[in-house]
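Novice: Residue numbers (this note's numbering), protein chains in the order written: chain A, 1 to 458; chain B, 1 to 239.
Any given hint might turn out to be false.
Said to hold, decoys possible - Straight-line C-alpha distance at most 20 angstroms; calculated PhoX-like pairs for lysine-lysine:
| # | chain 1 | residue 1 | chain 2 | residue 2 |
| --- | --- | --- | --- | --- |
| 1 | B | K26 | A | K348 |
| 2 | B | K211 | A | K348 |
| 3 | A | K348 | A | K288 |
| 4 | B | K217 | B | K145 |
| 5 | A | K337 | A | K369 |
| 6 | B | K26 | B | K145 |
In short, the hints are calculated from the structure, not lab data.
Just so you know, these numbers come straight off a predicted model, no measurement behind them.
Residue-level listing of the chains:
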Amino acid sequence: MRLWPRNLPGQMAVLVALALFVAQAINFGFTLHDRQAFRLEQVVGPVSARIVDTAQNPRARDPVIEARLSALRPDESPWDRFRSRPLPQNPMPPGLSRRPDVENGIRRKLNEAGVPTGQVIAAIRPVRPDDPRLDRLPRYRAQRLRMTGTEMLIAIEQPGTGWWVQGVPWDDSSWSILRGLIGQTLVLYAIVLLPVLWATRRIARPLRTLTGAAQRYHPGEADGPIDESGPPDVRTLIAAFNDLRTRVTAMLQEKDRMLGAIGHDLRTPLAALRVRIESVEDDDDRTKMADTIDEMNGTLDDILSLARLGRPSEPLTDVDLAALVDAVVEDFRDLGKPVTFEEAARLKMTLRPSLIRRAVRNLIENAVKYGGSADVSLAATAHAVRITVADNGPGIPPDRVGEVFEAFTRLEVSRNKETGGIGLGLALARAIVREAGGDIDLANRPEGGLAATITLPR
Amino acid sequence: MSGLPHILLVDDERSIREPLAQYLTKQGFRVTQAGDAEGARARMAAYAIDLVILDIMMPGEDGLSLCRHIRASGDIPVILLTAKSEETDRIVGLEMGADDYVVKPFSPRELATRAKVILRRAASGGSRQHAPESGSYAFGGWVLKTGERALVDREGVSVPLSTGEYNLLLALALRPRQVLTRDQLLDLTQGREAMAFDRAIDNQVSRLRRKIEPDPKNPELIKTVWGGGYTLAAEVTRL
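Next comes chain A alone, as it looks inside the complex (with noise of 0.2 angstroms):
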């Protein structure tokens, strides 16, 4: 279970609720402290009272009746009335749980009023609803009685004379203000929570379709600014990021048309050479240089390939990859290479068909280029294809597999000119492939040789 929510406003609320709550809580601690301090003075300030009283003043009064008020009745226990007479003995029941604090307060009233005092006991005892007094008690005491549910004995010792006796309805709990206490921070909650979350909303709305827009951008394809919404702070946050979107697109519009200059400006004197060797006399001669200018013209094809790829101008295309694999092949195999590819069912899917071509065509020419010839297989699974193209050549060490993806390495240390190219073939086909979701894998064969897996999600 996730207590912490995610987004903004849900934060902001659980932190506000928290935060409220602590408040209340506190509110909730002193609030207790008055109210115990006051139900302490209500209830030391009268019991005090009548004892100096009764004892400091002994009225003559008419000891008949004194006796006869004194005296229980038979259905009467020591704590209904107070008595105007003390106990001979304590009448407490054990086993109660005493009250210290107000007992120390009845003490403390009692000397001060010179009262000598033995024993104070304070004990709390529970009244049960259908305790038989309650019928017989005067009706607002009864009524406070059921409503406390508790009451306190009071039993104080004057030396020589007895025991005092007294007892009174004691609210033990303190219920009735925790009631209060959260009926209060619902009422808060209510007051200050909503107007948090729409506030937070506010904020949050606009920077989720910020975020959205940053994680849709793609240098290229056309997306409308994004509305400037929400508090001033958040709508100078989305002017800056159209701002900022605008200046990469014109950035990469700047480096597209960089990149046109320089394959312009590299072609032109290629295209010069070329023109220039048709007066080579030796045949030979002539087609070696033909070749490295094809060469070199390739190679630039393939950096601007590369550099362009995050903005293809190729639409997507329903495409039979299996044709397109074996047209590929076709090629190589045209031009005398040793290239097989196994016939597929027809597979029908939805990509840029140059740009995989040319991934296949760059992974069949390292083939042929290191391991002298190339066999290639297609297989389709529910989820994914898998183009295959297995070689007998050498392989790659295990620990430097990683290394040959890097554009511009070449595993071999010698710049042999047989073997040439750069090793950017690989870059940009994985670069090709990742761009279409899928991936290259490369693996030495365990019958020797390397084979490249390109895999394409269906």
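Knowing the structure of chain A, use the given hints to seat chain B on it.
Specialist: Leaving out everything else, chain B in the frame of chain A:
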């Protein structure tokens, strides 16, 4: 007329134009050079030009615009020189009415061959309306798109062809119901990229059949004419 075919070579790059003019002259053409579109227009007005070889990328008015002008004002064939091999350039060029194109850096030998083919075609028939090799050709449920060099089936799925297969199919589609001998086909298809072996034609035909015939054993589209060659036995509609 001097009797030699007169080529107007338009390219702003002297380093290409001058040696190329020299080479073409050696190959038996009369060559006039121009460095920009303006010069080209002036020379076209002054001479009876048989063929224009035109660079697309030129400062000022570019080659495409000049090509459109040439096409609008007469029937002189045009070969475009393009620096980019990108599809769009080729399509646009062919749609502007160019007869052919070569991508820089090109082999002057190949350029000369193509120039001769085009001149021969213009001299023999003159029936050419637009670039014969541009556009799309529909036959037997297939569409051959020259711009994308793609063959598209009834469901709109593109079936890529090898260069040799494409050239062969295009040659057949351009001449429906004509019997073409192996030599003719070899000649027609080699005008573009050279194929290495003679076995190519029979081989390509059987490969093509496997791709486009409903039943390759009993071909109905590409038929073998006994003792003659091959023919495309279908109505071809130019789209």
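Novice: If a hint holds in the structure, say so; if it does not, say that too.
Specialist: Structure-based check of all given hints:
no., hint, result
1, K26(B) to K348(A), "51 angstroms, violated"
2, K211(B) to K348(A), "14 angstroms, holds"
3, K348(A) to K288(A), "41 angstroms, violated"
4, K217(B) to K145(B), "26 angstroms, violated"
5, K337(A) to K369(A), "10 angstroms, holds"
6, K26(B) to K145(B), "37 angstroms, violated"
In this structure, the hints that do not hold are numbers 1, 3, 4, 6, in rising order.
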